[in-house]
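Colleague: Spelled out from the first residue to the last, the chains are:
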Amino acid sequence: MLELIVISTLNGVLFGMLLFLLSSGLTVIFSMMGVLNFAHASFYMLGAFFGYQLTKWIGFWPALVLAPLLVGAVGMAVERYGLRNTHKHGHVAELLLTFGLAFAIEEIVSMIWGKSPVDYRVPTALDFPAFTVFSTNYPAYKIFMLTVSVAIFVALLIALKRTRIGLIVQAALTHPNMVGHLGHNVGRVFMLVFGVGSALAGLAGVIAGPALVTQSDMAALLGPILFVVIVFGGLGSLPGAFIASLFIGLVQTFAVALNGSLASAFGPLDSSVGPSVLSDIWNVTIAQIAPVLPYVLLVLILIVRPMGLLGTRET
Amino acid sequence: MLKITRVIAVTLPMLSGAAYAQDTVKIGYIDPLSGGGASVGEGGLKTFQYLADELNAKGGILGHKVEILPLDNKTNPQESLVQAQKAIDAGAHYITQGNGSSVGAALEDFVTKNNTRNPGKEVLYFNYAAVEPSMTNEKCSFWHFRWDANSDIKMEALTNYMKGNSSIKKVYLINQDYSFGQSVRTQARKMLGEKRPDVQIVGDELHPLLKITDFSPYIAKIKASGADSVVTGNWGQDIALLLKAAADAGLKVNWYTYYAGGAGGPTAIKQANLDHQVFQITEGFANSGDEAAMEFEKAFRAKVGLSLWYPRAVNEMRMFKAAAEKANSIDPVKVAAALEDMKFDVLDGGSGIMRKDDHQFFQPIYISSFGSRSEKEPFDEENTGWGWRLVSKVDTPQTVLPTTCKMTRP
Amino acid sequence: MTSTMTSAPDIAATPSGQALRFYGLWAIAAIALVVLPLVFSSGGSLTSFSLIGIAIIFALSYNILLGETGLLSFGHAVHYGLGGFAAVHLMNAVAARGWPIPLPLIPLVGGIGGLAFALLIGWVMTRRAGTVFAMISLGIGELVASSSLILRSVFGGESGITTDRTALPHIFGWSFGPQIQVYYLIAFWVFVAAMAMYALTRTPLGRICNAVRDNPGRVEFIGYDPHVVRYLAYCFAGFFAGIAGGLAAVNFEIANSAYLGAVQSGLVLFATFIGGTAYFFGPILGAILVTYLQLGLTNVTSVWQLYFGIIFIAIVMFAPGGIAGLLMMHRPLIRAGTLTMVIPSYLVAALPTLALACGVILSIETVARYTASEGDGNIINLLGIPFNATAPATWVTAAILIVGGFIVGRITWRRIADAWDRAGSIARDRGYLA
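Protein chains in written order, with our numbering: chain S, 714 to 1028; chain D, 14 to 423; chain A, 35 to 468.
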């Protein structure tokens, strides 16, 4: 049991940090530009596939640097030539543009790399068990993922608190209009922020690709959970996104580890009743509902605290 | 194939209902050709086209040319019904489908209703891979024929093998949370309980279908349970990722699977270095040792560039020809009557029978393991260098299960 | 986007001649619905028409949210699906218990099913509009779709729940077995639902919905609660989506979790937006086009979804009014008689634009073939000319078409803008363009 708890905690924190790499970029972009980037998870997928392709050509370590930069460049191009032109039609049009983009990126990726998972492997330098908890090996690569995520988190924190750009971004989080009024080149800041946000998503893709699965539906699988994270944490709140990422990461991992159901807690239902909604709910295990849990949390938080965990703004 | 000019040419007949000449036998192939299941659907399509070419080279069926109509159902039941209608409009009296039990059930229902409502325009549904047991039990139809062993039959064969293997003591069940996965799990519990009451079932897991990207939490549970064998009906990425996570965590168990041989599976097994620890249960495989089958496999691989995933498709098409010749007609009703209780020598050797009571085909079933090869195993998979090796053969009589089908006949 | 929306009806303010034209339009629509299957009578075309009819109701119901009230939903299929399940369950109950409910009333039950869920969930969902609403609708959509696989006794798991429409009490001697009878049932409901939804836009509620879309703050000042208005609009949209779902259940005789899923929600969004949200007939055009493309395009290319995405992006970026918006843009010019001034520039621009489109199609298909690269599927037939996907000549042709088409096209597009300016200013002088 203890073994399960240790492993699950490690896995949960890892998944949570990965979610944070994505949700941080999404939150900053949303706060500044008012755009919910539907294609954010698609940039994560692009990162994984660029990482895979570059690893094949030039090796994993150069790919780790190059692929996120490439994704960032794609992001900047999307902002410059897509979103900026659509801005005049309002936020709904911008949101729809990113929706169409997410759709198109998935199709392009599956057209080039196919529908089935690609063979994106952990680099040999990191392909060994880091340590053994009880009898289970914990792969070194996962430790590496954790390290990178934490490093990025710290770097992001420093960049936001200590640099001039960080100051502008922070100001834009709470007073987006004022920043524009103060005469900053809002267009360029937007493009930069969008690029950095996409690059972070790309980085998450590069490091998650070998450990999880790299295939063309990975964006569609992760995207909705990402939105749950940023609504749950409170729109526009970075600390909120951080807490929500970890929380949802842990909840999902632990739910899988648990076997309990109402039937095991209170005993089986009278079998003469036959199948009904009640018996469905009664017999379902927590592990089975793990993928639904984030959405249940979303609905709950919206009823109890509509602005999210640490959110301050109503929109 | 983009043919702008043919967009109109193809879609207009749909609107004008042009009559097609009856000099070809058209078979509507309804499976995913776009979306997530496309790679599997394309493989099946190539198989059927290869088989049609083979029949045509020998003069077709009763002198009629065989033509396969590819129809994309996007693995969606509703879409499949639309495509089935398209096939009928194009003059097809036979449809074949395999991927997705939900699609299979919808098509079986559609064919039954269509044939009752449109007498004289009957359509037969040849099922080559949808293994949901209910399709030949409570939901059975006269117009549906299944060449794949349904999941209960496979479990019967598998547990018959496990009965004789005393090293199996603790079994863990992990399956996809949907009708097929659930029937695997239920039957495994029931049959193991009857045949090996001493075996302990230490875990029984259902996980969401095709949604898990990291199986390590599940592997941690299997490890904690102390199981020595895992039984799983997982397919697609769910089997590949499961094995990958197992290798990462250093889990050493034997895997009894239905679909480890599917696309991506062999690569995952090789990567995980599970030499002859992954077993698969099929109606045939490349290294089965049968001369003719291996000859066929060789020719097939050379032409199509894939290994033969569906030996049952070969049985289906060849048996269709035999039945049409027996009935001396390509009329679906007569062919259906001829198929009932028809005996047929299957591709990998041995005899099979299409049972009249439920239209389920019974055939020899093989259990094979994947790993390094000897000279008896000439074929490898997915360029891994590893191949399937025969572990056990279960003969037709040992696979027969009773049916609850009460068939209404025309 | 706001400026292109016609909130005031041209009909209500104008005298009887216009009213006659208005009723004439509906009469023509009704006649077309009746005559259509007599002209095209094959099973496939009847199925296509039935699907298009269902898609029309669904898209119109979606436009109550998106076009009328400004609510962007990513989970509208929830109501469609629940409507479908309600209909299937009732059909099975009617068949089993012998209740005297004929099939034509079943879609209404679907509507009630969709409405019930909207009443339940809508209040929480519509608390806020905009992006937040969009995300919540996405979450709810995922929640319902995933739950449907857990609650097997209601939703029947993956295989869903089947039914037999002919088992219900027959009416007018119709068994509803043949597709033609189902088509007329759907056509009837399309007509009724479209009329009802059109009438809804003319009611005070419809007007307040428009106001909430354009300026919720001001609506509050004049004494309406935007939340309540959004909630009401949401309920109506859920009701009509449920009717569409009920009809789908009647048509397919099966309801399963795919009805509720993200794909269905995405399709209705595509259809509505491509057609145009600002005009009542926009979603109808969109539903016809998207359904037809979905049925037809799959025969010719395996990457049809990519074309969908590209069309959608192009519409969002260059014609946010959709097809209806593009068409209606020309109305003032026709009235002012200046349409002839822009047509030549259209014709000039058509050639390079077409070349650009061909280039894009050719390059997409080349990549698709090249990566699939097995067997003999490498020949692309574009406008009757065969291209080999592996031949450099094909790549060069595609590149020339794209680059050349773009460069020449840009010049001609500017000419269109100039011609428009001239035609528009004359129309403005004559008082037809605001």
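What the hints contain is simulated information worked out from the structure, not anything from laboratory work. Some hints could be false.
Said to hold, decoys possible - Under the rule of at most 25 Å between Cα atoms (straight-line distance), these lysine-lysine pairs were calculated in the DSS-like manner:
# : chain 1 : residue 1 : chain 2 : residue 2
1 : D       : LYS176    : D       : LYS265
2 : D       : LYS59     : D       : LYS369
3 : S       : LYS855    : D       : LYS265
4 : D       : LYS59     : D       : LYS71
5 : D       : LYS311    : D       : LYS126
6 : S       : LYS855    : D       : LYS59
Colleague: Determine which of the earlier numbered hints do not hold for this structure and return their numbers in increasing order.
Modeller: Those not satisfied are hints 2, 5 and 6.
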